[in-house]
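Trainee: Listed below are the residues making up each chain.
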Amino acid sequence: MKSKRPAIPYLGWMLVFTIVPLLMVIYFAFTDERGQFSLEPFKNASVYSEVFLYSLGIALISTVICLVLAYPLAYSVSRCSQRAQSTIIMLLMVPMWMNFLLRIYAWVLILQNYGPLDMILNLFGVDVTLIGNSGAVIVGMVYEFLPFMILPIHAVMTKIEPSLIEAAQDLGCNGFHVFTKVIFPLSVPGVISGVTMVFVPTASTFLVAQYLGGTQFMIGDVIERVFQSDHNTGSAIAVVLMIVILGFLVVMNRFGDKEAVAG
Amino acid sequence: MRKLVSIFLVLLMLGSIFLFAACGSSKSADGEEEEENESAGFQGEVNVYNWGEYVDPGDDGGIDVIKEFEDTYHIKVNYTNFETNEELYNVLTNSNSTYDVIFPSDYMVSRLREEGMLAKIDFSNIPNYKYIDERFKNMAYDPDNEYSVPYSWNFVAIGYNSDMIEEGSVTGFKDLWDPKYKDDGILMFNNSRDAMAIAMQLCDPPIDPGAESFTREDIDRATDKLIEQKAVLKKYVMDQVFAEMEGNQSGICAYYAGDIYTMMLNNENLDYCLPEEGSNLFNDAMCIPATCKNKENAELFINFMCEPRIAAANSEYITYGTPNTAALDLIDEDMLESELINPPQEYLDKCYTFSNIDDDIYGYMQKRFVEACSASAEINEVEKKTVNPAAVWAVGVILALVIIATLIIIILDIRRAVKNRGRINKI
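Top line first, the protein sequences correspond to chains U and H.
Residue 26 in the numbering used here sits at position 26 of the first sequence, with consecutive numbering throughout.
Residue 514 in the numbering used here sits at position 251 of the second sequence, with consecutive numbering throughout.
Some hints could be false.
Claimed, not checked - Some, not all, of what chain H presents toward chain U, calculated at C-beta under 7 Å:
hint, residue
1, LYS493
2, GLN512
3, PRO607
4, ASP622
5, GLY626
6, CYS636
7, SER637
8, SER639
9, VAL665
Stated by the list, open to error - Simulated pairs of lysine-lysine, DSS-like, Cα-Cα distance not exceeding 27 Å:
hint, chain 1, residue 1, chain 2, residue 2
10, H, LYS613, H, LYS437
11, H, LYS613, U, LYS43
12, H, LYS400, H, LYS613
13, U, LYS159, H, LYS266
14, H, LYS493, H, LYS339
Stated by the list, open to error - Output of the computed footprint for chain U on chain H, the stretches with three or more beta carbons under 8 Å from beta carbons of chain U:
hint, stretch
15, 497-508
16, 627-633
17, 667-675
No wet-lab data here; the hints were simulated from the structure.
Positions of the beta carbon are idealized from the N, C-alpha and C atoms, including for glycine.
Could you put the whole structure together from the sequences, leaning on the hints where they help?
Mentor: In structure tokens, the structure reads:
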């Protein structure tokens with residue numbers, strides 16, 4: 001019991017600022033404006049189903065791209081010397097010191113018509129609109145959340161004992177088998193927390209689509225807008241999003257457990 | 264030793280940050296000492312709640328209006344901003360903070376007045392009221408001139424890039440629905456009231472956006488019109504409109520005329536059009552809330568804002584028209600000659616002003632606008648529905664699968680835990 005005492009301030013904080021608001025959101029989602037029980041908010045929220053699917057799709061694609069980019073990078077970084085590792089990680093973190101909105105705005109300037117990228121492509125005779133579509137939104141998302149994928153994978157990779165790899169090699173594994181039998185299984189926990197840390201915020205983020213996308217909103221933008229006039233419907237959308245994300249987390253954790261047991 | 268050095272360095276860095284912060288704040292107040300002296304010399308305060316960037320801050324040779332008021336009357340101005348009339352209304356009704364001077368728009372003045380939230384202004388304390396143009400007195404929102412002093416006025420117009428779009432070919436809001444401008448980039452208001460008003464004018468038959476009230480069918484028809492526009496629209500914007508238009512990113516937009524004037528100063532390719540359908544004429548006024556605590560200071564402040572020199576500086580800064588007749592002589596002539604600041608009377612006759620509509624209907628309008636914003640651009644021409652049944656089903660199926668999967672996993676975990684416990688007990 002004693003060891004739990006230092007956690008009391010945080011538990012209190014969580015109760016007031018996490019649990020209570022969560023219950024309020026659920027309460028709002030199941031009531032109408034007069035405070036009576038009602039499923040009306042969910043009926044109203046169904047209008048935004050298409051946006052919802054679109055957001056999940058964008059989140060999924062961004063997460064996969066992040067994973068594909070981050071995994072090899074994290075692997076090769078973890079093979080570097082200690083000094084090189086801290087420098088590279090530091091360089092990865094530097095963009096995150098800048099304000100989120102400024103970073104997105106920088107992408108607007110890069111991708112816009114007559115912007116640097118557009119000019120270069122025009123030189124080669126490629127004439128495409130780079131901004132105002134789902135592609136631009138995905139680019140923005142990947143840029144924003146890539147560090148959240150790299151860091152956990154890298155953290156796990158550095159903990160893999162070199163002796164394990166040597167043992168595998170001694171037992172006759174070639175490079176490919178060392179990877180599939182030793183390195184990958186041991187890095188799964190990192191991959192899982194990386195995927196969670198990228199998928200969850202990309203599904204619910206707002207503003208990125210407003211700046212880089214066209215007329216297509218994402219579910220985060222919709223929640224923000226709906227909340228300005230209608231708490232109940234806004235809460236209902238938030239609850240649906242929470243359930244999907246919760247389910248996602250449960251499945252991911254389960255996946256992680258199994259792998260860890262097998263490993 | 265090395266640790267000590269690094270801790271020292273970190274402290275040094277943090278210290279320098281505070282030092283910078285201190286420098287920054289004292290610089291803005293012209294030296295720390297002076298600021299202290301001033302605050303000691305203030306004999307009272309006035310709490311002003313205004314739109315963002317709505318008073319001349321004194322850059323580029325203008326007048327620092329707030330500072331000059333403080334220096335003249337030794338009254339401290341606590342200046343805060345709101346973004347929409349509705350935000351102003353919510354703060355006034357729900358929060359404990361009290362304001363002495365507020366700047367609501369026309370329809371919000373009438374709403375606040377009807378709900379008894381405004382104090383009557385003692386006009387004997389506002390001698391500069393004599394400069395206010397008769398045109399802005401006895402307005403519908405304050406028929407007896409008891410509660411408000413007009414501050415600025417403007418209207419909605421169209422701006423376009425003459426590099427992309429032939430000069431003079433844009434005539435009205437209907438061009439914002441024209442597929443031939445799709446590739447140039449069409450921009451629309453990202454707020455329900457302004458966007459819906461334009462859509463209402465284009466409905467067949469048109470709906471008067473200045474009407475006392477709307478039916479839900481009116482709003483549904485306007486929403487359909489907005490959804491129809493989505494196929495050609497580039498974006499819904501508010502402040503982003505400046506970057507889009509000044510940077511030649513988009514070809515045509517509907518926005519506030521005074522702001523189009525500003526954009527035209529920054530990009531000479533831009534041109535404007537007074538929409539043939541007429542547009543929303545609005546004016547913002549200064550009022551005193553009933554809860555105010557410093558009424559005399561508030562009246563002093565309002566009177567100060569009506570001083571011709573000050574009114575002229577503010578009008579030049581925000582590039583909206585001023586109702587102050589004496590200020591007109593002091594304002595840059597180029598600006599006054601622009602139709603975007605002073606539209607001809609024939610155009611003004613075509614304009615309408617917003618009335619104060621029911622909460623209920625306003626909520627419905629906001630809701631339908633978000634639906635229009637999130638509707639897919641490839642809308643079925645015949646059905647024009649915002650709901651796609653296939654998507655609803657898909658979300659439903661995903662939800663069901665997620666819930667089932669979660670339940671199964673939880674049940675499996677519990678069973679395993681029970682089994683393990685049994686095993687432990689046996690041992």
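Trainee: With reference to the structure, classify each hint as holding or not holding.
Mentor: Here is how each hint holds up against the structure:
1. Here the hint on LYS493 of chain H is kept, as its CB sits about 6 Å from the closest CB of chain U, short of 7 Å.
2. Interface hint at GLN512 of chain H: satisfied, since its Cβ lies 6 Å from the closest Cβ of chain U, which is below the 7 Å cut-off.
3. For PRO607 of chain H, the interface hint is violated, since its Cβ never comes within 7 Å of a Cβ in chain U; the closest pair sits about 34 Å apart.
4. Hint on ASP622 of chain H is violated. Least Cβ distance to chain U is approximately 10 Å, over the 7 Å limit.
5. Checking GLY626 of chain H against chain U by beta carbon gives a least distance of about 5 Å; that is within 7 Å, so the hint holds.
6. Residue-level restraint check for CYS636 of chain H holds (minimum Cβ-Cβ distance to chain U is 6 Å; threshold 7 Å).
7. For SER637 of chain H, the interface hint holds, since its Cβ comes within 7 Å of a Cβ in chain U; the closest pair sits about 5 Å apart.
8. At about 6 Å, the closest approach between the beta carbon of SER639 of chain H and any beta carbon in chain U falls short of 7 Å, and the interface hint on this residue holds.
9. The restraint placing VAL665 of chain H at the interface with chain U holds, with a minimum CB-CB distance near 3 Å, inside the 7 Å limit.
10. Taken as a hint, the LYS613 of chain H and LYS437 of chain H pair is honoured in the structure, with Cα atoms around 16 Å apart against an allowance of 27 Å.
11. Pair hint LYS613 of chain H plus LYS43 of chain U does not hold up; C-alpha atoms about 41 Å apart against a cutoff of 27 Å.
12. For the proposed pair LYS400 of chain H and LYS613 of chain H, the alpha carbon gap of about 20 Å is at most 27 Å, so the pair holds.
13. For the hint linking LYS159 of chain U to LYS266 of chain H, the alpha-carbon distance of about 25 Å falls within 27 Å, and the restraint holds.
14. Of the supplied pair hints, the one linking LYS493 of chain H and LYS339 of chain H is violated, its CA atoms being roughly 48 Å apart against a limit of 27 Å.
15. Judged by the Cβ-Cβ criterion of 8 Å, the stretch 497-508 of chain H is covered by chain U as claimed, because 5 of its residues qualify and three suffice.
16. Restraint check on the stretch 627-633 of chain H versus chain U: 3 residues with Cβ-Cβ distances below 8 Å, three needed, restraint holds.
17. With 4 residues carrying a beta carbon less than 8 Å from a beta carbon of chain U, the stretch 667-675 of chain H meets the three-residue requirement, and the given coverage holds.
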